[in-house]
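Chemist: One letter stands for each residue in the lines below.
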Amino acid sequence: MTSDQPTMIEFKDVHKYYGDYHALRGINGTIKAGEFFSLLGPSGCGKTTLLRTIAGFEDISSGVIMIDGKDMAGVAANTRPTNMVFQSYAIFPHMSVEENVGFGLRKDPRSKEDKAKAVDEALQMVGLKGFGKRAAHALSGGQRQRVALARALILKPKVLLLDEPLSALDKKMREHMQVELIKLQRQVGITFILVTHDQEEALVMSDRIAVMFEGEIAQLADPETLYRRPATKKVADFIGTMNFIPATILSESGNAVEVEAKGLGKVMLDISQAPVASGDSTVVGLRPETLTLLYDDQKAPERETDGVIDEVIYFGDMTYYDVYLGGTDVEVRLSMRNVPGRPVLDVGTRVRVAWSPTALVLFR
Amino acid sequence: MKAPYLRAFTLFYLLFLYSPILLLPIFAFNDGKVVAFPLQGFTGKWFGEMFADQNLRIAAKNSLIIALSVATLSTVLGIFAARASVRYRFPGKAPLMGLIMLPLVLPEMIVAMALLVVLLSMGVPLSLFTVIVGQVLICTPFAVAILTSAFQSLDRSLEEAAMDLGETTWSTFRLIVLPLVMPGIMASFLICFTISFDEFIISNFLGSGQPILSVYIFGQFRFPAKVPSMLALGTVLVCFSIILLGFAEYMRRRGIAKAGGKDSGGFL
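Residue numbers (my numbering), protein chains in the order written: chain A, 1 to 364; chain B, 1001 to 1268.
I should point out that these hints are in silico values taken from the structure, not numbers from a laboratory. Because the structure is a prediction, the values reported are computed rather than measured. Treat each hint with caution, since some may be false.
To be verified - Here are the simulated SDA-like pairs of lysine to any residue, each with C-alpha atoms no more than 20 Å apart in a straight line: (1) B:K1226 to B:D1031; (2) A:K158 to B:F1223; (3) A:K158 to B:G1166; (4) A:K115 to A:A138; (5) A:K266 to B:E1160; (6) A:K156 to B:D1053; (7) A:K107 to B:K1226; (8) A:K107 to B:T1169; (9) A:K107 to B:D1031; (10) A:K107 to B:G1032; (11) A:K70 to A:F131; (12) B:K1093 to A:K156; (13) A:K266 to A:K234; (14) A:K107 to B:T1168; (15) A:K115 to B:G1166.
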């Protein structure tokens, strides 16, 4: 994904009210052509509402939504260059698979044979070749989803909207479909917009993610930036696990900020490299995988702190340790890969924890 | 069985309810003018007499005209009302729906008398048409109840999907909504038809002495000699009703299964 792609969708100060309820509170941002974009947030954050305003199922109270350079005000859902895969898939139960997939071609001037060919191609694309004659209600969850995908993609929309398409599938199937969707998106090159509450799914699939809370976009960034440099404490908390350690600021000069973090000691931070994120109090954040237990004579490359193991959570490939830092009540979670020569330690073991100042995120 | 009394009560209840209907076919085939035991012997002549009755045929024809009209009108009105109540929010919806459903609990006698007074004071001549108008009032709540459950079991995103794929509101209704609620429409039609067909009070009050089946049967019971052939007619009607209602329920259940919904009530 390159950043010089043209803009496909643009939001300008979009607001949506349901009566007194302020569902969307000033959405701004752009989605680029060919991008796999995710709207991520907890339920009730407005992500589905935003998706439905793109599809044209919801009017917006104020603001502008542009799709491919055109203002969508007053443009009905049936004439927008978008197609949707619904959470319930919305497969028409009284039609066969091929009737479902070909539904959008009803007004297409092409000949019957050409349309049948298009339906076959669409089915092949989603891996349902030969399923055309099946009754829609006789399909499994994964198959229904593929039919919904084929039905939406056959119209070659500029934007494909996916409303939590994987939430109804079991874990194995979900992970499988995540990869399939990424492949499909690369193959067709259409802009995909995915709504999900699953942060892992968003990280895995997206080129860029908009994290939403209470009708606002808290951060719009690529997955790595979101994970490593969250803009707010809420974002950091929602995506993955983040250890928050109380801290006080000792001095500031330019980009150099010296903080005293409880259990870690004095740290110099370069905020040009790691911008300060907003939070309700001064804390520093560390991801579990940026902390490492030191075994035997290992030396920390940068900094190290003493600790005591309070909890051991064994995951097979990984072990999570909750460790009290430096004789304080500050507990951090860290993750270690279980490799040969690295025994799983017991609760109460005194350990040394290695960490790096560059992995710290300052919240204030 | 922990409560043998309950079982006995249930049995007695069902017997009390349905055994009189069982007497209909028994005496319809009984070779005797008096409806009393002991039975006199088997005969089909009452059915022959019934079919030969000229007035009965006119009454049956009138009843059919009324029932078909009432079922059609009630179901069409029911579609509008049920669709509006399931899909849209508008001011005064609850009291409006309440008013539509009210005839379900109003004494039919009161409705019939009130209609009679109004129609006469308006100078509307009583005819089959006035019977139809009155019965539509009674049948529409049934249609609304059945169709509401049919519309409710319809996933809203099906309609949105059709719109999303380029259809208009009307073509979505025609291509998606109608086929999926069609079994509900059939069920509503058949139940309204059945209710109308044996409706008596409104037919009697607003029918102006036109031969209508229910009224005609009531009249014939005054003549002891006519009673056995009326029992034969009753037998035919009972069978007819059971078949229609069974078919209606079958259609309703099939509709819900087809739309992938859960059964949320019904009449059987």
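Chemist: So, for every hint listed, does it hold in this structure?
Modeler: Okay, the hints, checked on the actual structure:
Between K1226 (chain B) and D1031 (chain B), the direct Cα distance comes to roughly 13 Å. Compliance with the 20 Å bound is thereby established for this hinted pair. Under the criterion of a C-alpha separation no larger than 20 Å, the hint pairing K158 (chain A) with F1223 (chain B) is inconsistent with the structure, at around 80 Å. Restraint check for K158 (chain A) and G1166 (chain B): the C-alpha separation of about 14 Å stays at or below 20 Å, so the hint holds. The straight-line distance between the Cα atoms of K115 (chain A) and A138 (chain A) is roughly 24 Å, outside the 20 Å bound, and the hint therefore fails.
Proximity of K266 (chain A) to E1160 (chain B) is assessed by CA-CA distance (about 58 Å); at most 20 Å being required, the pair is judged violated. Between K156 (chain A) and D1053 (chain B), the direct Cα distance comes to roughly 69 Å. Violation of the 20 Å bound is thereby established for this hinted pair. Taken as a hint, the K107 (chain A) and K1226 (chain B) pair is broken in the structure, with Cα atoms around 64 Å apart against an allowance of 20 Å. For the suggested pair K107 (chain A) and T1169 (chain B), the alpha carbons sit about 15 Å apart, so the restraint of at most 20 Å is met.
With a C-alpha separation of about 68 Å, the suggested pair K107 (chain A) and D1031 (chain B) falls outside the 20 Å cut-off, and the hint is violated. Between K107 (chain A) and G1032 (chain B) the CA atoms are separated by roughly 69 Å; this puts the pair beyond 20 Å, and the hint is violated. Only pairs whose Cα atoms come within 20 Å are accepted, and K70 (chain A) paired with F131 (chain A) is rejected, the gap being roughly 38 Å. For a cut-off of 20 Å, the pair hint linking K1093 (chain B) to K156 (chain A) is broken: about 41 Å separates their Cα positions.
Taking the CA atoms of K266 (chain A) and K234 (chain A), the gap is about 25 Å. The hint is violated against a cut of 20 Å. As the CA atoms of K107 (chain A) and T1168 (chain B) are separated by approximately 11 Å, the hinted pair is consistent with the 20 Å bound. Between K115 (chain A) and G1166 (chain B) the CA atoms are separated by roughly 16 Å; this keeps the pair inside 20 Å, and the hint holds.
In summary, the structure is inconsistent with hints 2, 4, 5, 6, 7, 9, 10, 11, 12, 13 from the numbered list given earlier, while agreeing with the others.
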